[in-house]
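Protein chains in written order, with this note's numbering: chain F, 1 to 244; chain B, 1001 to 1192.
Hints are computed from structural coordinates only; laboratory data are not their basis.
Do not rely on the hints blindly, as some may be mistaken.
[Unchecked claim] Listing some non-contacts, in silico: residues in chain F with all C-beta distances to chain B over 10 Å:
id : residue
1  : Gly163
2  : Thr189
3  : Asp214
[To be verified] Some chain B residues judged to face chain F by a derived CB distance under 8 Å, without partners named:
id : residue
4  : Leu1018
5  : Val1083
6  : Met1087
7  : Gln1098
8  : Asp1108
9  : Ile1114
10 : Tyr1156
Remember, it's a predicted structure, so these values are computed and weren't measured experimentally.
Note that beta-carbon positions come from the ideal geometry of N, C-alpha and C, so glycine has one too.
One-letter residues, chain by chain:
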Amino acid sequence: MNTEYDIDLVERYFDNELSEGESALVDERLKTDAEFRAFFNRERALIRSIRSAGFSRDLQLLKEIERGISAADKGHQLRIQPWYFAAAAAVALFVVAALWILPPGNSPDQLFDDYFTPVSNTFAPALRGSDTPSQPEAFRYYDHGDYATAASLFDEMLGQETGPDLLLLSANAHLAAGNTRVAEQHLTTLIRDFDDYDTPAKWYLGLCYLKQGDVDKARTVLEELGQREVFYTGQAKELLQKVK
Amino acid sequence: MAREDIIGKIRSGGPAGLAMIYEEHRDEFLHWIRKEYGCSEDDSKDIYQVTILAFYDNVRSGKLQHLVSSIKTYLFGIGKNIVRDTMRKSTRHIAIDQERWLNENLIDEPGDAIPEHVFASAKSALERLGEPCRKLVELFYYERKSMEEIVGILNYKNAEVAKNQKCKCMKRLRRLCEEEIKRTSITINHEY
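So here's chain B without its partners, still in its complex pose:
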């Protein structure tokens, strides 16, 4: 598949692109990273998975619109940065905490540290959100779809309706989060 096709496929929302890239460049990437940095087999795979997710996120967010080099070169570049970042934090061996790396580099917006109980409440609230709200907010905030694209996916009348619906869903999510925070506080108070 041509590299522009891959970018188009990822951007248009097909997770098939993710697996195709993973499979296509896996062997070369793992061989390269083990040889270049002496990573273990498991560490190499962990780094490769995070690399693919970072690539995927760059495409969806629009940071990567046109590849000036091959996808392979781009992936190796991301991988190199991840290894160097990991090496700075650990002198013993190159093991990556995938969740932590994703959170620090791709997931969270910059700002104060979010208290753990608030994040836990947010996660619980999201689990309780229900469909189609959950799908809608994930399409918008994770898949980074535009309202026009969401109209096509969820069959809303137009972008304005989709946007209003997204606002309602976020309002509901806030309310659920409030409930979770209150519930957690009550539980903690009872424990003491």
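Here chain F stands alone, though its shape is the one from the complex:
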């Protein structure tokens, strides 16, 4: 039978809270006291099981991400591939984080701040040949982080021609500038009228709803996205079930 003192000693050993003298005592007891050694190793097994579960979960997550990337490499190339996978991974991570890591009291606004990064502008090279005068400027402002100006210029461009690339960038610029209503309109148009960027559009729409403080709508969009994604781990699905 282990005494309370021994239990406390071993627990503090694994928590790195022992003094030098106490550490020496543990080392000595491990050599001479079989019962103490057995208890010590059982504690080690418990901590190993906790760490093992954490590593397994994260390894599984990386494998899911890798499966998605490999699948796309074999024939589902998208124009915004690097972003696409980051977004898809982020969806899974977002749900895990929102339910597991982040404090229950985190505000939707804070979650938005933690997870919103404007989509990378990988579209400009394909569009620079256009004659539209404001086009290079809009991209430049976007790349420099002046999202309010970029949003305004993108809207001018959208007045002339509506395309999925512009809608996605414009929505991001508006979202970054705090114009969530316009961002929502662009994203819903993108999802409704085009097939190109459903995944990133839904990801940003989920974030947009969070910014608006509408957690239920955000959750609905993220759930839908999660169910469609090959990256989504069984564990994340399980967590999602709990939140339902």
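For this one, chain F is given, so just place chain B on it according to the hints.
Same frame as chain F, now just chain B:
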């Protein structure tokens, strides 16, 4: 993202940092390791995943606080060590047993070998632990969060309360483990 930002993001608990790093350095790492060591595509990916987890653990544990080189260089350094370690153990090809490597290098504390049935009982006990205890012990022992950080995450009153709660959870986990060990022993005895 700047490298210090990445370290801060990982340390502050965001798993998003893990995926961002994975995606950001993946192509270069896989290309390098295949060219340098002749690894197969699958082996390269296995090594890369373990490399990312080792990096992540180094950041969380505080072993890595400031990068003197780029994240890429650091990852390549870890990868090189893993390959060399794996090559020492296998002369035929560079395949890594991920679970075994993680266990030997990152998970377990040094000491005597833990009997398999004890570890199996510990795993079963953890599965039965329930929330919020499971989350609490994982935050502490896997994520390596301080009690102050856990207070923020699980909304405890203060660090002292969080610590007391962690002790209670470990006590409960020990009891569950005892039960599992006894149950296993009874089963084994019945079988014979």
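Results of checking the hints against the structure:
1. The claim that glycine 163 of chain F is not at the interface with chain B holds, since no C-beta of that chain comes within 10 Å of its own (minimum 26 Å).
2. Non-interface status of threonine 189 of chain F relative to chain B is upheld: no Cβ of that chain comes within 10 Å, the nearest being about 27 Å off.
3. With a cut of 10 Å on Cβ distances, aspartate 214 of chain F stays outside the contact zone with chain B, its closest approach being about 22 Å.
4. For leucine 1018 of chain B, the shortest C-beta to C-beta distance to chain F is roughly 7 Å, which falls under 8 Å, so the interface hint holds.
5. Here the hint on valine 1083 of chain B is broken, as its CB sits about 18 Å from the closest CB of chain F, past 8 Å.
6. For methionine 1087 of chain B, the interface hint is violated, the least distance from its beta-carbon to any beta-carbon of chain F being 22 Å, above 8 Å.
7. Hint status for glutamine 1098 of chain B: holds, given a least beta-carbon distance of 6 Å to chain F, under 8 Å.
8. The interface hint given for aspartate 1108 of chain B holds, since its Cβ lies 5 Å from the closest Cβ of chain F, which is under the 8 Å cut-off.
9. The beta carbon of isoleucine 1114 of chain B comes within 5 Å of a beta carbon in chain F, closer than 8 Å, and the hint placing it at the interface holds.
10. This hint is violated: tyrosine 1156 of chain B has a C-beta 11 Å from the nearest C-beta of chain F, more than the 8 Å allowed.
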